[in-house]
Amino acid sequence: MSPLTPPSPDPSITTTRRVPDKVSLDGLEDRWGTAWSEQGTYTFDAQAPAEQVYAIDTPPPTVSGSLHLGHVFSYTHTDVVARFRRMRGAEVFYPMGWDDNGLPTERRVQNYYGVRCDPSLTYTPGFVPPHEGTDGKAVKPGDQVPISRPNFIELCLRLSGEDEAQFEALWRHLGLSVDWSRTYRTISDEARAVAQQAFVRNLARGEAYQALAPGLWDVTFQTAVAQAELEARDYPGAYHRVAFHGADGPVFIETTRPELLPACVALIAHPDDERYQHLFGTTVTSPLFDVAVPVLAHPAAEPDKGAGIAMCCTFGDLTDVQWWRELQLPNRTVVGRDGRLERSTPDWLTTPGAQAVYAELAGKTTFSAREAVVAALRTSGDLDGEPTPTTRKANFYEKGDKPLEIVSSRQWYIRNGGRDGALRDALLARGEQIAFHPDYMKVRYDNWVGGLNGDWLISRQRFFGVPFPVWYPLDENGEPRYDAPLVADESILPVDPSSDVPVGYTAEQRGVPGGFIGDPDVMDTWATSSLTPQIAGGWRTDPELFAKVFPMDLRPQGHDIIRTWLFSTVVRSHLEFGQVPWSDAALSGWILDPDRKKMSKSKGNVVTPMGLLTEHGSDAVRYWAASARLGTDAAFEVGQMKIGRRLAIKVLNASKFALSFAADDEPVSLDPAAVVVPLDRAMLAGLADVVDKATEALEAYDHTRALEVTETFFWTFCDDYLELVKDRAYAADADPAGAASARAALAIALDVLLRLFAPVLPFATEEVWSWWRTGSVHRAGWPTSAPLRAAAGDAPFAVVGAAGSALAALRKVKSEAKVSMRTVILSATLQVPEALEQTVGLALADVRAAGRLQGDLAVQVAEVDVPVAVDAVLEQASA
RNA sequence: GGGCGAUUGGCUCAGUGGUAGAGCGCCUCGUUCACACCGAGGAGGUCACUGGUUCGAACCCAGUAUCGCCCACCA
1 MSPLTPPSPD PSITTTRRVP DKVSLDGLED RWGTAWSEQG TYTFDAQAPA EQVYAIDTPP
61 PTVSGSLHLG HVFSYTHTDV VARFRRMRGA EVFYPMGWDD NGLPTERRVQ NYYGVRCDPS
121 LTYTPGFVPP HEGTDGKAVK PGDQVPISRP NFIELCLRLS GEDEAQFEAL WRHLGLSVDW
181 SRTYRTISDE ARAVAQQAFV RNLARGEAYQ ALAPGLWDVT FQTAVAQAEL EARDYPGAYH
241 RVAFHGADGP VFIETTRPEL LPACVALIAH PDDERYQHLF GTTVTSPLFD VAVPVLAHPA
301 AEPDKGAGIA MCCTFGDLTD VQWWRELQLP NRTVVGRDGR LERSTPDWLT TPGAQAVYAE
361 LAGKTTFSAR EAVVAALRTS GDLDGEPTPT TRKANFYEKG DKPLEIVSSR QWYIRNGGRD
421 GALRDALLAR GEQIAFHPDY MKVRYDNWVG GLNGDWLISR QRFFGVPFPV WYPLDENGEP
481 RYDAPLVADE SILPVDPSSD VPVGYTAEQR GVPGGFIGDP DVMDTWATSS LTPQIAGGWR
541 TDPELFAKVF PMDLRPQGHD IIRTWLFSTV VRSHLEFGQV PWSDAALSGW ILDPDRKKMS
601 KSKGNVVTPM GLLTEHGSDA VRYWAASARL GTDAAFEVGQ MKIGRRLAIK VLNASKFALS
661 FAADDEPVSL DPAAVVVPLD RAMLAGLADV VDKATEALEA YDHTRALEVT ETFFWTFCDD
721 YLELVKDRAY AADADPAGAA SARAALAIAL DVLLRLFAPV LPFATEEVWS WWRTGSVHRA
781 GWPTSAPLRA AAGDAPFAVV GAAGSALAAL RKVKSEAKVS MRTVILSATL QVPEALEQTV
841 GLALADVRAA GRLQGDLAVQ VAEVDVPVAV DAVLEQASA
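The first sequence begins at 1 in my numbering and counts up one residue at a time.
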């Protein structure tokens with residue numbers, strides 16, 4: 001991004017005003033939304049040189065219902081940045097994407113239409129879903145009609161398309177300065193092609209691989225789940241003290257999962273644990289099932305947990321997986337992919353008693369099986385005491401509601417440093433190259449990368465997603481040759497291996513021995529969204545564009561998805577391009593409800609974003625959002641929106657006033673040479689400081705600071721400066737130079753203030769701009785301080801403060817006397833601190849006029865060091 | 001258990017070494033000559049706590065407490 005030639009107010013620009021008699025915020029969203037769209041105000045110019053481009057990797061919102069307040073909040077932050085950069089002269093690449101390819105979309109379609117996907121069915125042309133709309137509640141799974149995968153995908157596309165149209169309408173109403181001609185869907189052919197191409201290239205370089213291994217599995221969704229999608233939740237359970245049978249008597253273990261007893265492969269204690277030294281190397285038999293298992297030592301066993309000796313099952317938790325792997329234990333899986341115990345009796349249960357007990361468990365859920373095992377243990381006398389209730393932490397899929405099981409399955413992985421120190425270090429180093437805003441968010445990246453315990457699992461056993469562009473040859477027995485995958489060539493992507501045929505085969509060979517089958521899985525949603533820069537930037541289709549926008553400048557996102565979206569994007573970029581995907585990452589906080597809890601969906605639905613925008617106005621809601629700093633969670637506060645609305649209205653009214661002093665057909669002068677009165681020049685000096693501070697803050701992604709300094713100045717401008725100069729500005733006949741000075745200063749200040757407010761209040765500022773300027777304020781340049789300083793000369797801003805204080809003192813006299821502010825003061829003496837004597841003197845005429853002072857105004861240096869005070873004689877007091 | 005934030009008037013928050021700030025709310029008053037979706041004035045805080053550094057601490061250091069979040073934690 002290059003520094004731009006800033007616009008200096010051109011003294012020759014004078015325009016005739018068209019100020020409406022009555023100003024209002026109502027309807028500005030529609031009016032200007034339409035105008036911006038028609039005029040292409042935010043269209044990205046692909047011809048712009050690369051150094052001028054500022055590219056934003058916009059988060060594609062998940063299409064699974066409606067946008068909520070948190071979206072409005074964080075997307076406003078991004079839009080403020082986009083508008084600022086655009087005004088600074090950057091050509092802003094600001095696309096919008098829709099993430100519509102994942103599990104949330106599937107679930108919404110199931111609930112909305114009352115269907116479920118059954119891949120074994122064939123396509124039904126013209127299928128009409130049995131149900132439409134949720135009526136606030138979901139169709140129960142039992143009532144869902146099974147339909148084919150193509151039918152299901154058709155419905156996914158239809159519903160997400162409808163949702164996306166609504167999303168876009170909301171974003172336009174909010175005033176996001178997105179280039180709407182650059183919209184993408186993660187389920188589009190192009191996005192699928194990018195995802196498949198990136199995968200194919202990962203595979204060719206050995207960065208993607210397939211493995212058959214135990215992994216976390218959600219029994220509800222029946223899919224594998226990645227580490228990044230885990231959520232630890234409290235889960236009620238109970239310790240069961242269970243006796244294993246050793247040569248020298250019982251060995252007690254404690255377990256919260258007695259139903260896994262038939263899957264036990266060993267008992268394990270810490271090598272240094274004195275209590276179990278004599279048992280290491282011996283064999284014990286399990287209760288109920290009479291399976292002989294070894295007692296082994298492993299340092300991962302914790303002596304103070306439970307009985308200090310653990311029952312290792314395949315697989316109860318990730319520690320079991322570690323033991324199984326490191327101690328080379330057998331695999332005795334009993335829990336299936338549906339979360340139920342295997343129907344057939346496992347072959348390692350050889351005694352009639354064991355088989356009889358298992359027969360009671362077969363096909364049961366883990367929950368029911370647990371009850372059955374506990375009952376059997378009680379009967380056999382192997383349960384010592386009663387179960388002790390406890391709360392334990394269990395891993396859940398973040399979107400699921402049952403604890404994850406661990407099952408063995410064949411899955412695709414991408415290397416992410418979880419098993420490779422060199423890669424991990426390289427990715428940590430990439431983190432150093434990204435400027436996080438706020439910077440302390442970077443530790444979350446470091447924590448996550450440092451704590452990875454495996455590669456990135458990218459395959460999901462779902463339907464609506466990007467399929468893996470891979471087929472497997474079938475051997476003579478019809479078994480897939482997973483070691484010899486047939487990978488689609490980049491040139492033919494996207495492909496769907498369930499309908500497309502690999503090179504060298506015919507469709508008839510699908511599923512027959514000696515033929516082929518397609519990989520049935522789809523990619524995890526993050527595997528696609530980790531490629532948003534590639535998708536939005538035209539990596540495959542428009543290399544020229546891609547070279548201009550990549551690496552991008554900004555990744556805006558929530559701090560809750562640093563470990564997923566941010567990290568996975570860095571991984572893909574590092575592997576494919578050997579660089580970071582963007583220079584800056586802006587992390588927005590969450591919206592909390594007034595109870596300081598994270599806004600829940602149910603509460604969020606009570607106040608819909610569109611309802612808020614309609615009620616308070618988009619500028620008002622944007623003001624609320626822009627008042628919260630990056631990284632900080634903010635309260636949902638209607639009060640803040642009302643303040644924003646008041647500010648927007650004030651901008652309209654103050655602008656109308658500032659433009660009102662000349663006759664209607666008289667042009668407005670922006671000539672700095674006309675500004676000769678010290679008070680006017682002092683005001684511009686103050687404004688110059690504001691411009692510098694606001695610019696510096698926005699450059700540093702601190703939009704709240706920029707807004708604050710601008711707003712503070714603006715209220716002083718309205719309350720003090722405008723009041724002080726209005727009589728002089730009107731009095732063109734009595735004091736032509738003084739009036740011209742005030743009018744030019746007002747116009748120059750207004751011009752600058754509108755630009756400063758434009759990123760936060762795009763509608764009100766554009767409205768005012770249209771009254772007296774040409775073009776859009778959003779394509780006008782960002783103001784710079786140099787011309788203001790030149791116009792201000794050596795006048796100190798303190799003059800405005802001193803005159804303002806003097807005016808406030810006069811007002812206070814009237815306020816305390818409980819009379820109108822228009823009451824005439826017959827004479828007054830100002831008591832001012834010595835330091836202000838000179839500066840107040842420079843604006844005395846304006847102070848007199850604004851204070852309605854008709855007689856003498858004396859200035860004395862106060863004896864005590866106090867703010868400005870006044871002794872005054874009021875008209876009424878003398879009457 | 002490790003880490004990161006936060007703690008300032010009733011509320012929401014600014015304020016990184018020099019006599020406590022804003023807005024909202026509250027109180028008093030005013031106003032239709034830009035603005036009632038208004039204006040002016042006012043009251044209100046020992047800056048979570050304890051030590052320390054310093055001429056001087058809301059701010060720097062050490063510790064404590066409470067709250068929130070991130071990571072780890074399934075025997």
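Hints are supplied without guarantee of correctness; some may be wrong.
[Stated by the list, open to error] When the alpha-carbon atoms are kept at most 30 Å apart in a straight line, the in silico DSS-like pairs for lysine-lysine are as follows:
id	residue 1	residue 2
1	K442	K393
2	K402	K22
3	K642	K812
4	K399	K364
5	K726	K656
6	K818	K650
7	K399	K140
8	K812	K650
9	K140	K22
10	K305	K140
11	K402	K364
12	K305	K402
13	K442	K399
14	K22	K393
15	K364	K393
16	K305	K393
17	K693	K22
18	K656	K642
19	K442	K693
20	K814	K656
21	K726	K642
22	K656	K693
23	K726	K693
24	K812	K656
25	K364	K305
26	K650	K814
27	K442	K22
28	K814	K305
29	K642	K442
30	K140	K442
31	K726	K812
Since the hints were derived computationally from the structure, they do not count as laboratory data.
Here is what the structure says about each hint:
{"no.": "1", "hint": "K442 - K393", "verdict": "27 Å, holds"}
{"no.": "2", "hint": "K402 - K22", "verdict": "60 Å, violated"}
{"no.": "3", "hint": "K642 - K812", "verdict": "27 Å, holds"}
{"no.": "4", "hint": "K399 - K364", "verdict": "24 Å, holds"}
{"no.": "5", "hint": "K726 - K656", "verdict": "13 Å, holds"}
{"no.": "6", "hint": "K818 - K650", "verdict": "26 Å, holds"}
{"no.": "7", "hint": "K399 - K140", "verdict": "17 Å, holds"}
{"no.": "8", "hint": "K812 - K650", "verdict": "23 Å, holds"}
{"no.": "9", "hint": "K140 - K22", "verdict": "55 Å, violated"}
{"no.": "10", "hint": "K305 - K140", "verdict": "41 Å, violated"}
{"no.": "11", "hint": "K402 - K364", "verdict": "15 Å, holds"}
{"no.": "12", "hint": "K305 - K402", "verdict": "24 Å, holds"}
{"no.": "13", "hint": "K442 - K399", "verdict": "26 Å, holds"}
{"no.": "14", "hint": "K22 - K393", "verdict": "62 Å, violated"}
{"no.": "15", "hint": "K364 - K393", "verdict": "23 Å, holds"}
{"no.": "16", "hint": "K305 - K393", "verdict": "14 Å, holds"}
{"no.": "17", "hint": "K693 - K22", "verdict": "33 Å, violated"}
{"no.": "18", "hint": "K656 - K642", "verdict": "21 Å, holds"}
{"no.": "19", "hint": "K442 - K693", "verdict": "26 Å, holds"}
{"no.": "20", "hint": "K814 - K656", "verdict": "28 Å, holds"}
{"no.": "21", "hint": "K726 - K642", "verdict": "28 Å, holds"}
{"no.": "22", "hint": "K656 - K693", "verdict": "26 Å, holds"}
{"no.": "23", "hint": "K726 - K693", "verdict": "28 Å, holds"}
{"no.": "24", "hint": "K812 - K656", "verdict": "28 Å, holds"}
{"no.": "25", "hint": "K364 - K305", "verdict": "29 Å, holds"}
{"no.": "26", "hint": "K650 - K814", "verdict": "25 Å, holds"}
{"no.": "27", "hint": "K442 - K22", "verdict": "50 Å, violated"}
{"no.": "28", "hint": "K814 - K305", "verdict": "76 Å, violated"}
{"no.": "29", "hint": "K642 - K442", "verdict": "34 Å, violated"}
{"no.": "30", "hint": "K140 - K442", "verdict": "42 Å, violated"}
{"no.": "31", "hint": "K726 - K812", "verdict": "20 Å, holds"}
Going through the hint list in order, the structure does not satisfy hints 2, 9, 10, 14, 17, 27, 28, 29, 30.
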